[in-house]
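**Q** Line order of the protein sequences matches chains A and B.
Here the first sequence is numbered in my numbering, starting from 1 and rising by one per residue.
Here the second sequence is numbered in my numbering, starting from 1 and rising by one per residue.
Careful: at least some of the hints might be erroneous.
[What the hints assert, rightly or not] Mimicking SDA-like on lysine to any residue, the simulated pairs with C-alpha atoms at most 20 Å apart in a straight line are:
no.	chain 1	residue 1	chain 2	residue 2
1	A	59	A	44
2	A	164	A	115
3	A	59	B	18
4	A	169	B	17
5	A	164	B	22
6	A	60	B	7
7	A	164	B	21
8	A	169	A	40
9	A	164	A	140
10	A	164	B	2
11	A	169	B	18
12	A	169	B	32
13	A	60	A	73
14	A	59	A	28
15	A	169	B	15
16	A	164	B	20
17	A	164	B	37
18	A	59	A	115
19	A	59	B	32
20	A	169	B	2
21	A	60	B	14
22	A	59	B	14
23	A	164	A	114
24	A	164	B	8
25	A	60	A	169
26	A	60	B	36
27	A	164	B	7
28	A	60	B	112
29	A	164	B	35
No wet-lab data here; the hints were simulated from the structure.
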Amino acid sequence: MIVGDLLPQLIRSAAAGDQRAFAALHARYAGMVHAILLARLPPSEAEDQVQEVFLAAWKKLGQLDEAAGFGAWLCAIARNRAVDCLRRRRPTEALQDGWPDDAQPSSSDVAEAHQVLDAIRALPDAYRETLIMRLCEGMSGPEIAAVTGLEPGSVRINLHRGMKLLRDKLGVDGKVAAS
Amino acid sequence: MSDYLFDREGEPDPEIARLEAMLAPMAYRGAAPRLPRPARRAPAYVVAAAAIALAAALVAVLIGKPWRPRPPSGAVAQWIDTGEAAMRLDVGIGSVELAAHTRARFVAATRHEMQLERGTLTATIHAPPRQFVVRTPRAVVTDLGCAFAITVDAAGRGSVVVSEGRVAVAGGDAREVVVGAGARVELSEAGPGAVSAPAADVQEQQGTGNRKPETGNHRMAPSGAGAHHHVSKKHPAKQIAPPATHAQPHASTPQKKDEAPRIQHDALKDLKNSVE
Numbered sequence: 001m002i003v004g005d006l007l008p009q010l011i012r013s014a015a016a017g018d019q020r021a022f023a024a025l026h027a028r029y030a031g032m033v034h035a036i037l038l039a040r041l042p043p044s045e046a047e048d049q050v051q052e053v054f055l056a057a058w059k060k061l062g063q064l065d066e067a068a069g070f071g072a073w074l075c076a077i078a079r080n081r082a083v084d085c086l087r088r089r090r091p092t093e094a095l096q097d098g099w100p101d102d103a104q105p106s107s108s109d110v111a112e113a114h115q116v117l118d119a120i121r122a123l124p125d126a127y128r129e130t131l132i133m134r135l136c137e138g139m140s141g142p143e144i145a146a147v148t149g150l151e152p153g154s155v156r157i158n159l160h161r162g163m164k165l166l167r168d169k170l171g172v173d174g175k176v177a178a179s
Numbered sequence: 001m002s003d004y005l006f007d008r009e010g011e012p013d014p015e016i017a018r019l020e021a022m023l024a025p026m027a028y029r030g031a032a033p034r035l036p037r038p039a040r041r042a043p044a045y046v047v048a049a050a051a052i053a054l055a056a057a058l059v060a061v062l063i064g065k066p067w068r069p070r071p072p073s074g075a076v077a078q079w080i081d082t083g084e085a086a087m088r089l090d091v092g093i094g095s096v097e098l099a100a101h102t103r104a105r106f107v108a109a110t111r112h113e114m115q116l117e118r119g120t121l122t123a124t125i126h127a128p129p130r131q132f133v134v135r136t137p138r139a140v141v142t143d144l145g146c147a148f149a150i151t152v153d154a155a156g157r158g159s160v161v162v163s164e165g166r167v168a169v170a171g172g173d174a175r176e177v178v179v180g181a182g183a184r185v186e187l188s189e190a191g192p193g194a195v196s197a198p199a200a201d202v203q204e205q206q207g208t209g210n211r212k213p214e215t216g217n218h219r220m221a222p223s224g225a226g227a228h229h230h231v232s233k234k235h236p237a238k239q240i241a242p243p244a245t246h247a248q249p250h251a252s253t254p255q256k257k258d259e260a261p262r263i264q265h266d267a268l269k270d271l272k273n274s275v276e
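Excised from the complex, chain A in its bound form (with noise of 0.2 Å):
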C-alpha cells in the first residue's frame, strides 16, 4: 500500500526514469489499469495493453499536476486506450465481441468464467469496473476507492448494485440467465 505521502516522490522519480519508482506505482496500480481494459477488451488484449497504458502515462507524468490525483488520472488513460483499441481494429473485428482464437476457453471452468465475464462487462461502466476490480483482481473496497480515488461509500454503493444486477444476469446457480 501506497502511503499518501510516499505518492507524489514515487511519481516525481518515476518521472525522472527510476525504475523502482515506477514498479512500485505498477505493482499498486496495474490491478486498476487491467480491470478498466478487461471491462472493455478482451482478456489477451486487455494484458497487452496494460503496460502501454503506464508506458503512456510515464510520458505524461509531466503533466500531472497533483500526486492526489494520479489514479483518476490513469483510470481516464486506461478508458481512453481502450477506446482507442476499439477504434483501432477493423469493422469486422469491432463486430465480434467474443476471444480471439488463442482465448478461446479449453474447458468448461474457464468457459463459465468467460461467460461470468461477460455479463460482468454488459453492465454499466461504474458497476462493471467495480466489480471485476474486486472479484477479478482481488482487491477490497476501500482498496479500490484508495486507487481510482472514489469515495468508499460510492464504492461499496457501486459494488452491490453491480452484483445485483449480475446476480439477475447469472441466475440462482451462477450460470448465465437466458435472455
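Fit chain B to the known structure of chain A by using the hints.
**A** Frame of chain A, contents of chain B only:
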C-alpha cells in the same frame, strides 16, 4: 455486520466466493514494463561539431575527396625561405609575393598576419582596413586597404613603399605613422623613421595609454636622398611634393612658414580622396 463484498472481511458470501475463485485466474500478473532509457542530450558544442563534420563529409562526398580546412600557402609558424625564386601566396583577402631571398611565415591560421624576417614582401590586399598585418623585426605594418611592399634586413632596417591606398606603420613605442599611396617610410633599427613623398598622405598618430611619450626629433630620421626613387609612377604629381615636414620635424631644418599650409591642404585633400 460484515460486508464481505466491500471489505472482504467476515464470513464469505458463498456466491461471491465462487465468482472470486472463477475469475481470479484472469487477474493481472504482469511485471512493470522497463522504462525506456532517457536519451542523453549532447552538449551544444558536440552537436555543433557533429553538424560541421556532417557537412564536411557531405562536401567530401560531393567533390570526391576528403575535406580539410584550406591550408595557407605557407603553413602557420613554418618559415618560408624563397631562395632564388620568388613566391606568390594567397592570403584569402589578397595576395602576397615574396621576392627571392626572403624569409617569412604566417603567424595566424587566417593567413592575415605574417612575419617578415628578411627580404621583400609585396602585398595586394582587398579587405577592410587592419585586416592584414606584417610584422618585421622592428615594425608592424598594418594594411589600411592598399598595395605595398616591405623590404627589411635581419636587423629590421629597410622600407615600406605604398603603391595604392594607405598603410599604418608602428614601431616599438606604438607610435603609428600612416603612409599614403606613393609614399615611403624608412625602417631603421629604431622602427619606422622618415617618410618620403607624397607628404600629403603622411600623418602621425600618437599612442595612448601608458605608452612612452614621443618627441619629433626622437623618432623621425631625416629623409634619405633616395626617398623618391621608389614612389609609384601612378602618382607622379605627388613626387614633386616636398617632404612631409610636419611629420618629420627636424631641429636643423625648421619648417618654412609658407610650406605648412600647402602641405596640410594637400594632406586633407589626399585624405578626402582616399575616403571617397
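**Q** All hints are to be evaluated individually against the structure, with a verdict given for each.
**A** Verification of the supplied hints:
no.	hint	result
1	A:59 <-> A:44	violated, 24 Å
2	A:164 <-> A:115	holds, 17 Å
3	A:59 <-> B:18	violated, 39 Å
4	A:169 <-> B:17	holds, 17 Å
5	A:164 <-> B:22	holds, 18 Å
6	A:60 <-> B:7	violated, 33 Å
7	A:164 <-> B:21	holds, 19 Å
8	A:169 <-> A:40	holds, 18 Å
9	A:164 <-> A:140	holds, 18 Å
10	A:164 <-> B:2	holds, 18 Å
11	A:169 <-> B:18	holds, 16 Å
12	A:169 <-> B:32	violated, 35 Å
13	A:60 <-> A:73	holds, 10 Å
14	A:59 <-> A:28	holds, 18 Å
15	A:169 <-> B:15	holds, 14 Å
16	A:164 <-> B:20	holds, 16 Å
17	A:164 <-> B:37	violated, 47 Å
18	A:59 <-> A:115	violated, 36 Å
19	A:59 <-> B:32	holds, 15 Å
20	A:169 <-> B:2	violated, 25 Å
21	A:60 <-> B:14	violated, 43 Å
22	A:59 <-> B:14	violated, 43 Å
23	A:164 <-> A:114	holds, 19 Å
24	A:164 <-> B:8	holds, 17 Å
25	A:60 <-> A:169	violated, 39 Å
26	A:60 <-> B:36	holds, 14 Å
27	A:164 <-> B:7	holds, 17 Å
28	A:60 <-> B:112	violated, 55 Å
29	A:164 <-> B:35	violated, 41 Å
Of the numbered hints given earlier, the model fails hints 1, 3, 6, 12, 17, 18, 20, 21, 22, 25, 28, 29; all others are met.
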